[in-house]
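Assemble the whole structure, with the sequences as input and the hints as a guide.
Chains W and X, in that order, are what the protein sequence lines are. Under our numbering, residues 64 to 1100 are what the first sequence spells out, in order. Under our numbering, residues 13 to 138 are what the second sequence spells out, in order.
Among these hints, one or two may not hold up.
[Stated by the list, open to error] Heads up, simulated DSS-like pairs for lysine-lysine below, C-alpha to C-alpha not over 27 angstroms straight-line:
hint, chain 1, residue 1, chain 2, residue 2
1, X, K71, W, K705
2, W, K513, X, K88
3, W, K528, X, K124
4, W, K705, W, K591
5, W, K470, W, K350
6, W, K947, W, K896
7, W, K532, W, K547
8, X, K124, X, K104
9, W, K471, W, K316
10, W, K492, W, K547
11, X, K71, X, K88
12, W, K632, W, K662
13, W, K625, W, K494
14, X, K54, X, K124
15, X, K15, X, K54
16, X, K88, W, K492
17, W, K787, W, K768
18, W, K513, X, K124
19, W, K632, X, K71
20, W, K591, X, K71
21, X, K104, W, K492
22, X, K17, X, K54
23, W, K989, W, K354
24, X, K71, W, K585
25, X, K71, W, K662
26, W, K625, X, K71
27, W, K532, X, K124
28, W, K354, W, K470
29, X, K15, W, K513
30, X, K54, X, K82
31, W, K632, W, K705
32, W, K513, X, K17
33, W, K365, W, K316
34, W, K494, X, K104
35, W, K861, W, K836
36, X, K17, X, K88
37, W, K528, W, K585
[Unchecked claim] Facing chain W, from chain X, some residues (calculated, C-beta under 8 angstroms):
hint, residue
38, N26
39, S34
40, S37
Just so you know, the hints here were simulated from the structure itself, not pulled from any lab data. No residue lacks a Cβ here, since even glycine has one placed at the ideal position from N, Cα and C.
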Amino acid sequence: MFTGDSGEATYLFLLLLISLASTARIAVLRKGKSVRPIMAAMAGFLVLTISRATLVACTPGGNPVKSIISLIFGLAGIYMLFTCVAIGRREEDYSLWNPRFVLAGVSTGLIFGAVLFVFSGERQIDSTLFQSILSFMIFAPIGLWAGVYWQREKLKMDGTGLFLIAAAFMASASAMAGLVWSGMAGQERFWAQLFSLLDIAGIFLYLVAFVFESAHGRKSAPHRDEPPAPFSSTDLIAMGGRAGSRVVELSMKIIGGERESKVYDSIVNAIEEETSAEFVLLRIYDKAADKFTTAGYMLEGKQRTETRFQTELSKSLLAQSCDEKSTAGPGFLLSRGDLGEDYDAFLPEGLKWATGEIIVVPIKNDGLLMGFITVGFFRVEPRADVLDTLQIYSSNVIEIVAREEMKKNVRDSRLALASCRAELDAANKLKSNFLSVVSHELRTPLTSVKAYNETLLENVDTIEKETIKNFLSVMGEENERVIKLVDNMLSYSSMETGHLNVEKTGCNLNSIIRASLKTIEKELIEGKIDTDLRLPKKDVKLEADPELIMQLMNNLISNAVKFTPEAGKVTVSLEEEASGARIVVQDTGNGIPEDQLEKIFERFHQVDASDTREYGGSGLGLAICKNIVEWHDGRIWVENVKEAGARFVVILPMKDIIVRQASNRGTIGSVRFERERYLSLLVEMISEFLQARKASIMMLGEDKKMLHVIAAKGLDPEFVENTKIEIGERIAGRVIQEGESYHVFDIERDGKIGRVNNSAYYGTSSFISIPLKDGDEVVGVLNVSDNVEGREFTRADKEILEAFSGIISRMLKKLDAFEKVSLNFEQLKEAMKSILHIREIWGSRNLNNYTLIALAVGRRLGLDEASMTALRMGMNMYDLGMMKIPRSIRVKKEELSEREWKVLRRHPNLGYTLLSPMGLDERIMKMVQSHHEYFDGSGYPDGLIRKEIPVEARILGVIDAFRALISLGPYRRAFTIDEARNEIIRDSGTKFDPQIVGAFVKVLHELGARDSGGEMSLDAVERELEEIRKEYAETGN
Amino acid sequence: MKKGKVLVVDDEINITQILEFSIGSEGYEVLTASNGEEAIDKARREQPDLIILDIMMPKIDGYEACRILKANPITKNIPVVLLTAKGRDIDKRLGYEVGASDYIIKPFSPNKLIERIHELLVTSSK
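In structure tokens, the structure reads:
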């Protein structure tokens, strides 16, 4: 009777052997993608287990308990198998204490323990069998465990695989010995022996297959010590092999104009076949977007398209990987261990890189990186010349990229031509529009004059005297209308052609505004329009052309009157501000359609140009206003006031800025006045940023001995014109001589500088003078003094100024070049104007408050001085790109459409472009570009993640969000500070860097805690912000 | 006895004033309106013998007003003279298309306008 004691034990033992062999095999297959062998092993194991259990159950006298235990063993084995599969396929954690590994080890041990238990319970343990089991028990788990552990270290087959194979052999050998022994010793064990022999045969076959496959399917790293020589066409022909002819074939396709995507597919296909790689990826560097895009991708013999990458590979990362990880030559091997977290950048999302290397070959043309090819998961060990093959194919890629670039250039120039034509068409349309508008505007008064004149002549004898008087006065009025129109046309044309004669003298804005209102008194009375004039008690005076300012006011006020319905009101107000005068003209009309707010300053533009338009006019009035304001370096814009009409705002800078005429320079083309206007903008910007009443730029003359003031704000004109300072003389002269900055907190306390020397220039006790350098040579001095609030200049101020000095030196240098070629000049000016404009719209005080918060956060995070300066400057210009976004999108009330979002998302890059002619510090530029990146990579424009976003930009992100939340949004109410803070805390870790949010919250808290005496308390913050909020609510900004 | 009723429509008050004077002194009764809407309304109520209509006016322009007048049985027989600054041929053609009897371009001669009024009123009364 077959009791199956020793046979069964042996059998179970063999089952385990199979499972172990499967495990080892799976581990060796490492990438774990080959599911078929695993499935086969599992199926075989399952069938064997079930058949054995059935056999035991059916055998007379068979022990059902044992059969159940046998089943349990089988199930445990299957679980172990699954675990191993998991290891092979999914696991990324290769630490020894990975729960799955522990489980695998423990279950292996348990199973053998159980075998031993069952076996020893039946009869006396045979020593040989026991020994064989014991030896297996010791080696098997260790082999498995150690093998897996080693894989973590180096994903190389060499050591691990051999060890696993050896372990499997050793185990099977010892098992066989035990089996043979117990089989020989048995009595009536025909069935057991038969099964056992079949099993042994199976195991042998299995092992043979395994070893065979391991030897052939395994890849070894294609190392090479010498970089290969570049290929020539003769090499290609000489190669003669498939690769050579294929490359030529592909070249022909490229020349023949085959579609780009098809060519890429063919290239990837060829690489796949040539290298036997299961994974081939071709990515091309897109210069415009500054990132890699997937051109071709094959996986397991199929073309794929889905290539999202968890981490976007940056050019620098690739370059870094090239340099450091490259074993040799143009390609390099990467293993997971080498790359750490960056490995995600090389493999598409979803495709897990469990083990082994991939080969990355950068594609370079003339040293320029154009893309890269990645291959991996080789079916057959690649030939030693795999790098050569890849390099050959990369020549095809270079060809196609070059072709596409050429095509793009052609397309671009075609587009440029088209847009040029569109511009011409628009100009033409404008011209005919102008003709019809002007002819109508002329016809109307002329019609009246003619009709009245004829009627008068006809009836001169019969008509009453009173009527004659009335008729004549109508003719007089209509005549005035014609004159006014012609005047407008003339002055506009002279402004356009640059022949305008601007004569700046001291202007009293109060009296100009009063006089202007008087001229339209009649219209006001006729239209029953009320006026509200709000002038400051003290007259506002500035340097301007009084006639032009009068014309500006006339146009603005009559425009307002024209659009105000009967019984409406026109409000004119004037305010003096730190750096200029603010004139506001507000009507109670219907306001201006949002999409027209920017266009109405264009010449000949009319909001309503139809036959039914209610309002006449040549469409020149506002264009003239804009010109006048710009000739005074001011700014003009219009905004709708909620349910109350339109509000025109004019800012005229205080013209205490003096720019010396450059005597030895000729006037070249359109840059006639540009140099002066540019320098005054520069001085204004410096004084704005440092809140200084006085600022000046001094430069060394041609003789390199004397310093002259070339542009100044707040200084006596005579001083500017006549001052010459020798090197070494006074402070400016000393700065030149020593090449070092002077920063004096309080001149009375400063021992180094006597008061005597400086009384003429430095009106106040605190000032900063810093050298302007061209390379190492000192060429000038930049001075600021007289803080607007009367405080001392701080070290931070000095740093800002030093940051500026570099920019200014560069700009001044460029200025000469610009004057010669008038290139980029407009851009530079536009950038500076935008900076001033954004300060104007936000209010410098508000901006300063947010800057204070940002700096406090920066200080908490321990940023270095350079970063702090960048932060402070960046805060003033980061949202510049917004000015380039159409207003209709910026302030849209409804949810934005997908397309509009796309436009809005361009603003960081637009700001970057706008600022680039200024040559600012890279940190500032990065802030501008990346302030909408989110911590988790979901932001824009580049989807940077975590530390990829510069720390300054991360801080800015939090502050900007805070600013946006507490101000009124286009489609939501304004948040309170608490709400805003909580909102930001909620987005910590997703949108924002938790560390920065932490610092930000603490700063807010501190501001609140420092209640009295401090600069800002939370109450104060709240009050300040409340005001900002109100302002935003009013303007709808 | 008045010769007839003339409705003068123009948004320029100076024009309606001078036409009121010169047409009125020829013995016509003159009514005025300053936009298309008002013109249609007055034409219905007052049944003038002739309408002088400007084209570029707020609310309803002259073309549209003429079309509406010509579509209404009560007003469709009243001759309409378009008096406008729009001087291109195409404007003129459009004017006749909407049913105007005459098209006079500004600046105009009041005398000639009155002659046309005489002629039109004689024709229409025959």
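Out of the numbered hints, which ones does the structure contradict?
Numbers 2 and 16 - these are the hints that the structure violates, sorted from lowest upward.
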